Every structure is written in C-alpha cells, then in structure tokens.
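Peer 1: Please work from the sequences and hints to get the whole structure.
Chains as they are written, first to last, in the numbering used here: chain A, 1 to 327; chain B, 1001 to 1309; chain C, 2001 to 2298.
Do not rely on the hints blindly, as some may be mistaken.
Selected chain C positions facing chain A (in silico; Cβ < 7 Å) [stated by the list, open to error]:
#, residue
1, L2067
2, S2071
3, Y2113
4, F2162
5, T2207
From the derived model, a few chain A residues whose C-beta atoms are all more than 12 Å from chain C [as the list claims (entries may be wrong)]:
#, residue
6, L13
7, V38
8, T115
9, L167
10, L241
It is worth saying that the hints were derived from the structure and are not from the lab. All figures in this text were calculated on a predicted structure; none of them were measured in a lab. Where a beta carbon is used, it is the ideal one built from N, C-alpha and C, also for glycine.
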Amino acid sequence: MKARLLHYGRLSLSSFLLFIVVVTVLFFLLELAPGDPVQALVGDVPLTDEFRDRIMAAYGLDKPVWERYLIYLGNVLRGDLGYSFATNAEPVLDIILSRAGNTLAIAVPSFLLSTLGGLVLGTIAARTRRRWLDGGISGFAVGLFSIPNFWFGMLLIMVFSINLGWLPTHGKSPYGQPGIHWEYMVLPIITMATTELAYKARIARSAVIESLGQDFIDTARSKGLPARRVLWRHALPNGLLPMVTVSGYSLGFILAGSVLVERVFGWPGMGLLFVDAIERKNNMLVLGITIVLTVTIIVVNIVTDVIYGIVDPRLRAGFAPKKEVTT
Amino acid sequence: MTRQQAPQETLPAGASSPDPRPAPPPASRRPRGGQSAAWRAFLRRTPTRVFLPLLIMFVLVAAIGPFFVADPVATANPKLLPPSAEHPFGTDMLGRDYLARVVHGGQISLLVGFSVAVLCMTFGLIVGGLAGYYGGWIDTAMVKVAEFFQVLPGLVLALVAAALLGSNVLIITAILAITMWPGVGRIVRAEAMRISRLGYVESQKAAGFHGIRILVSDVIPNAMPPVLVATTMTVGRAILIESGLAYIGVGDPGNPSWGSLLNDAQSHMRDSWWLAFLPGACIFLVVLAVNMLGDALNDAFNPTIGRVK
Amino acid sequence: MNTATNARDDVPLVSVAGLQVVLPTGERSEVQAVRRVDLVIRDGERVGVVGESGSGKSVTGRAIAGLLPTSPRVRVTGSIRVAGREMIGAPPAAWDEIRRTRVGMIFQDPLTYLNPTMRVGKQVAESIPPGREGDDAARTRAVHRFLEQAGLEHPAEVAAKFPHELSGGMRQRVLIAIAIAKLPSLIIADEPTTALDATVQQRVLKTLDATVADLGTSLMLISHDLAVVAGMTDRIYVMYGGRVVEEGATEQVLHEPRHAYTRALLRSVRSLTDDGVELYSIPPELRRELAEEAADAS
Chain A
1 MKARLLHYGR LSLSSFLLFI VVVTVLFFLL ELAPGDPVQA LVGDVPLTDE
51 FRDRIMAAYG LDKPVWERYL IYLGNVLRGD LGYSFATNAE PVLDIILSRA
101 GNTLAIAVPS FLLSTLGGLV LGTIAARTRR RWLDGGISGF AVGLFSIPNF
151 WFGMLLIMVF SINLGWLPTH GKSPYGQPGI HWEYMVLPII TMATTELAYK
201 ARIARSAVIE SLGQDFIDTA RSKGLPARRV LWRHALPNGL LPMVTVSGYS
251 LGFILAGSVL VERVFGWPGM GLLFVDAIER KNNMLVLGIT IVLTVTIIVV
301 NIVTDVIYGI VDPRLRAGFA PKKEVTT
Chain B
1001 MTRQQAPQET LPAGASSPDP RPAPPPASRR PRGGQSAAWR AFLRRTPTRV
1051 FLPLLIMFVL VAAIGPFFVA DPVATANPKL LPPSAEHPFG TDMLGRDYLA
1101 RVVHGGQISL LVGFSVAVLC MTFGLIVGGL AGYYGGWIDT AMVKVAEFFQ
1151 VLPGLVLALV AAALLGSNVL IITAILAITM WPGVGRIVRA EAMRISRLGY
1201 VESQKAAGFH GIRILVSDVI PNAMPPVLVA TTMTVGRAIL IESGLAYIGV
1251 GDPGNPSWGS LLNDAQSHMR DSWWLAFLPG ACIFLVVLAV NMLGDALNDA
1301 FNPTIGRVK
Chain C
2001 MNTATNARDD VPLVSVAGLQ VVLPTGERSE VQAVRRVDLV IRDGERVGVV
2051 GESGSGKSVT GRAIAGLLPT SPRVRVTGSI RVAGREMIGA PPAAWDEIRR
2101 TRVGMIFQDP LTYLNPTMRV GKQVAESIPP GREGDDAART RAVHRFLEQA
2151 GLEHPAEVAA KFPHELSGGM RQRVLIAIAI AKLPSLIIAD EPTTALDATV
2201 QQRVLKTLDA TVADLGTSLM LISHDLAVVA GMTDRIYVMY GGRVVEEGAT
2251 EQVLHEPRHA YTRALLRSVR SLTDDGVELY SIPPELRREL AEEAADAS
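Peer 2: Shown next, in the form of structure tokens:
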C-alpha cells in the first residue's frame, strides 16, 4: 500500500514538473520569436500606442526575461492563459473550453472505434491459422498507417461527399444550425480512427501472439480446456494488458491529430482553432491550446497508470511487471 | 513516467511522437550466419523486391527529375486542366504544370524525411549509446526528454515552433529531428545496456579498454539492425509530419513540399481531384515503401520461428 | 513404491512405438528431436526418463500429452496409444478429452507456467472436469482438498492468492494440485524440481511421491538428474540424441548399465558425489560413437 502511495506521489510530482518544463519551453519559444514582442503577443492586430503601452504593462514586457517568465508561469498556474486579442480579447481559456466539446465529439468515438477495431483485428490476425488472413490484415494495417490521415480525409470527401453525395462535405451541422448532426461526424471520425486502428491492430496482434506463446498457455492446454477458453480466459487477459498503456498514448495522438483532421472538414473544434490562431499569429491562443493539450495528455497518462495498476494483479501488490511484447 | 513498458514493436510512420511508441525487438536474437546472411535474406523478401525499387525510383525522380520537367512556377498554362498527354499531372489553379510541382515537392519532402532520419540516427546512436553504457545523468536526461516529447506531441511542437520562429525547411528539419531522435536513442540505449553487462565486456574493461571504444566496436554494430529498422520507419514518420505541417500552412513557402500542394488543393477538391489526389498518393507510396522495407529488415534480422504454440 | 508386478496384463496405459518428432528451429531449419522411440507405461507404474538437455525426453513427454507446439511445421509420426486409443492423427477434440481426464502434466518453471492474472484456486478449479464435483461449493472444497494433498497448508488462503504472491515451492505444489485435480491415470512430470532451490526440491519430490502413491496414478518422471529419478521409479529409459539407448528396471540399469552412455552418465554423477573420484565428463570419443550409432539407426 505504501509503495503505491509513493509511486503515485512520485508520478504526480514528475507530471507536474513535466508540465512546468513544457510551459517553460513554450515561453522561450515565444521569446525567440523574431520581430516586435508586442506584436508577437497580440497577433495580426493593428496597435495604437496606447494599446501597446497597456500590453507592455500588463505583460511586463519592459521587465527582464526571468521576471516575465515568472509572471507568465504564475498566470498559467492560475488558469490565466492570456487573452486572444485577435478575437475581441476574450480570455484564451474560455475560447478553448467552448470549442473543446466539438473536438471531443469526434475524438472520443474515434478513440473507442479504433481501440475496439484494433483489438478485434489484431486478435483475429494472431489466432488464425490461415496465413493469408494474418498476412492480409498485417499488410492492410501497414498500408493504413502509411496514409497521411488528412489526405485520407480529403479522399473520403471527394468520394463520399462530392462524388456520391452521401455525406456532407464539411462543418458540423447544416449552415446556421446549432449543435452537431450525426451525418457530419461520420467522415471525420473515420478519418481520425483509421490510422490509430491500424496501429493498435498491429500491437494487439503482437501482444496476443506473444501471449499465446507463453508457458502458462501450456498449462491451460494441459487441462484439456477447449481452445476458445484458453484464448479468452488466459491468452487475451494477459496479452492485452499492454493495450491499456497503448490506448492511453493513442488518445494523445488523436487529440494532436485533430489539428489536421479538423482542417480537412472545417470542423469547429480545438484543432481548427489552433490552425486559425497560427494563421493569424494569435500566439497567446496558440500557446494556450498547446498547454491545454499537454495537460490533457498528462492527465490521461496518469489515469492510464491508475487503470493499469488496478487491472494487473501483480501491480496491486506493488510488483513491477516485465512485459515485453516482441513482433 | 509510467511504470509499465509500452510494448516493443517497430515504430510505424504515422505516430506524431516517438517515445512511447514501441521499439523493435532486441538484436540479441541473431539469425544464423550473421549479418551478411540477414542482408541477403532481406533482399530476397517479396516486400523488399517490390518496395525497394519503388523507393529508389522516387529518390531518383526527386533528385534529377527537376532537370527534366517543366518550370514549376511558370503560370503560362491554362488553369486547372485535368491530366493529359501534354500535362501528365494536369495544371493547378495558377496554371502551373502539376507534374513539375509534384516532382519539386518531392524533392523537399524526401529531403526533409531523409535528413531527419539521418540526424535521428546519429544523435540517437551517440546519446543512446552513452546513456545506456554509462547510465547516470545522461540516462536520466534522455528518459526525461523522451517523456517531454510524449506529452507534447511532435506535430504540435513543430507547429508552434514553426509558427513562432518562421517556417523554413531548416527549422522544420531541425525540430523534427529533435522531437524524433529519442525513438532511435531508446533502441541504442537498450542495446548498450545489454552489452555493457556481458561478460566479455567486463574483461575488456579490465584490460583497460575505453568505454568509448567498446561503444564503437561492440555496441554500435550490434545495435545497428534495430537502429536501421527504426531509422527507416523514421523517414516515413518524418515525411508524414512534415506533410501535415505544410498542409496546415506552416511549410516553407519558398520550398513547397507535397503537403504544401495538398494545402492548396484543399479548396479545389470539388473540381480538380488530381490536385489533391496526386501529391497525397506520392506521400502514401513513399511512406508505405519505407514502412514495408523497415518491416522486411526487421523480419530478416529477427527471424522468428513462427507462431509456435 | 508400486512394483511392476501389480500391472495388469491387458492394454498398457501408454504405448509409444516408433515415435518421431520434427521441430522447427529457425525460419528454414528443423531438427529431429525424437527418433524412433518406443516406450511403455502400465497402470500404476512409475517410469523415469533420463537424459541431458537435447536428448528429446521433454519432447517425448509433451508428445504423449499432445502438448507439442501447434505450428504446422511440427511433424509427429509413429504411434502413441493412450488407454488403447491411437492418438496420432486423432482430432483435437480427442486430445482435449485425454488431457481433460486422463493425462496431467507438471511443468518445470512454476512462475512462468501459471497464469499471472488468475487466482491460484481458480486455476486448480479449471482442471476439474465440469460436473464431476457438483455445485460450486463442492468444487471449492475439492480445490482445497487437492491443494492440501499437494502439501499446501491453509489451502483456502492459498487459493485466493495470485502466483506471484507464493514462493517457488508453493507454486510448484500448485502445479501438482492442478495435475492431480483431474484425477488422471497418468501424470507426466517434466523436470518438476529443476527450477527450485535444493532444499525445496526434496520436499516437493516427497510430496509428488506421496500423491502419486495415494492416487495410484502412473507417473512419467522426466529429469536430467539421475538422483531424482533413481529414488522414485520402477523402470527407467535413458535417452540420448532423441533415441532411447537403454531401458530396464531402475535398480538394474543403475547397477548394471549395459550401454556406454549410461555408464558414462553414472560415472559422471558418482564423480560429483563421491570423494576421491576424479571429475568425469562424457568424453568426445563416446559422443562420436553415439552419433555414429544414431546415423546407423536412422
């Protein structure tokens, strides 16, 4: 018990430190940006002298670097991610939160779809005696994650929206209407999920093959258990433990990839916000979104760790498992 | 950061961050006949025979193609022509010959991809080797760097950096290399750790051999097969991320890559399918080729007996 | 110790004739692990199979239990009759049935041979053919009984634990419990004590001895350790290079070995245990002789 508390304590601490490092790096990137620092903060917005003075005062731009850093860090820790001047000086955090829901609306289904699909395909490929099926699935998987996901999205649009007219081409709902209509979600979700699915299928396949090669499978077989039971009760529960970790990372990738996918479909989520902000040099917003993304990934990692600790009985007792799955 | 190990597997080109994605199996499973036999096995494999020529073809076209195609910036032609005999890839929205644009774009995309991979390999060998062999602060630092790039995905960091610092090919290459080297470094580190514990290394140390020398003579040659596999996959991943950057608009405006072409094509999907289809297909084929070759390398150097139970 | 004279004259429990097993060793290579082995185990008999690693003894044991790798590159030819039924070429369902009720196997390394995420009691319960014990409560009681019989005190506590929470000796006893829980006719024990500490080895062996005696099952004890096999078996097979080079009643083989290899084996053992005897290892000339013998025979 104590070992676990210690572990989570250390995890929290290192996560927090990691967060600080990320914010620091971002701050210094901003510092390095060439040109007028005030303009860099404010973006493509014309500056009056009075405005400029206010900015300099508010952000302490006349102060030395390390002081500015501390001010910025302090702000971030308090949840103040600055203001988006390019869009009516709204607080960055508010803008992000208002759009986060849209991103999650496609990110979460993509995550679930890709995880489930990956598990199923990977297990089929691992178990089958038919080499053509295994080879086929593996080859298909490699093909899928060699595709640039945004190009895949464009292809989907060209085929299904433009050519066949089955699905809308962009946006989240018919023009002017609020909310999210399901037929607008289909293509973005497929686009987001596909690459991840291929990746997870490969890993699941490796994991199950490795698991089926373990010694305790022999013991299970020696009990005369039918092959199905050996798979479901012995091979899969052990083999798919690494999938917990992989899934955690996968969510991070999906969120990062939303930058690309949302641009393809004009989906008004955080990704599109990010792209917009970059175009308009709205750097506070850019940094703000990056920070929110980082925090999300850190939290997801911690949750994954916790889940893994619950699911693997060896960890419940405080042992560290050595699980290495080889191709 | 997390205790559990991510599964060890080859890095696929498609992920946007190196660290948690698994690495190839350790090189300790030697095939019979040593490395030259493995190379021969590699060259015999079907995927190699299909994709190595394909990749070489792309490289050649990227290298010398620009001398043979039309001027990519000449806007003299009619706009938005579909592919024809005169313009095999059609023309784009400004009347430029698209084949020329794709070929020049390929130069940039492939240049970035291979440069990043070479940088990753170099840096990964050096730092990973030192980290694995000596341990200590180098090791800790490397682990921390890898963690950093896991929570701040390469794509996002590259976007931010390119947006803030300016987007040109050099900066993008540098940033991608920085974000992706830990993936290779990990493999070298694992191999260095393994070797540093072997018996005969102890005796070499006793005989006074320098750590550096052991690194060069033993660790690096042993680590090369999985490192090569990972480096190959890195080419693909780098191309994908660079394309993504260019697609968003953060690519080098003076040096458009395939991704930049896709950026331009975004608003023309309805009327000019070839604008989006062709550069993307090139990306796909190159990345596919590289991934398949990486897999084939992996299979040749780490043959498994096949599913045994 | 049961004596062979108690064996009935009818069909032996296990009868192996001309067994050959080919195993893959690489992408393109394979090895003949077992070359024409004949072997018989009668009801209630205890048979030892001795040899160094690579002799094919484990493979023979696994072949009888049907636990060879399922890769299509594995080829098994010859005859294996279990309780009179020919198993080579039999459908998987037939093998499943044999493994469910007739043949139990105890493996070498209890840590890797137990499912790390399943409680030990459940793993033993899995071994009980469904329906034999009645309802859940009866089955749980049976599980505790078997754990106790395998030498584990406080069986209820042990049953609730995971394998990593037990010591090596305890885990091996769990494997024994798993094997006996199906009330088999034959137990194949493949190096059951090799992975254990020396002090624990003896105790586990004693337990195995006692359980086999209590249940009256046959035993096929596979080991590289002559001492282990000597104390517990009625008959012995000595294997080398995939072949049986000598067989006979244990006492006789140990005291009057006929084959050069058996003699060399005994000599090397004695050289370890007796004072004043030079350390002996099997000389290369003998190995060459044996290789020639093998070439002639195949």
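Peer 1: All hints are to be evaluated individually against the structure, with a verdict given for each.
Peer 2: Hint check:
1. L2067: Since the shortest Cβ distance to chain A is 6 Å, the answer is holds.
2. S2071: Status violated, d = 10 Å.
3. Y2113: holds (5 Å)
4. F2162: holds (5 Å)
5. T2207: violated (18 Å)
6. L13: Holds, since 28 Å exceeds 12 Å.
7. V38: For V38 (chain A), whose nearest Cβ neighbour in chain C is about 59 Å away, the distance exceeds 12 Å, so it holds.
8. T115: holds (20 Å)
9. L167: Non-interface label on L167 (chain A) holds, nearest chain C Cβ at 43 Å vs cutoff 12 Å.
10. L241: violated (8 Å)
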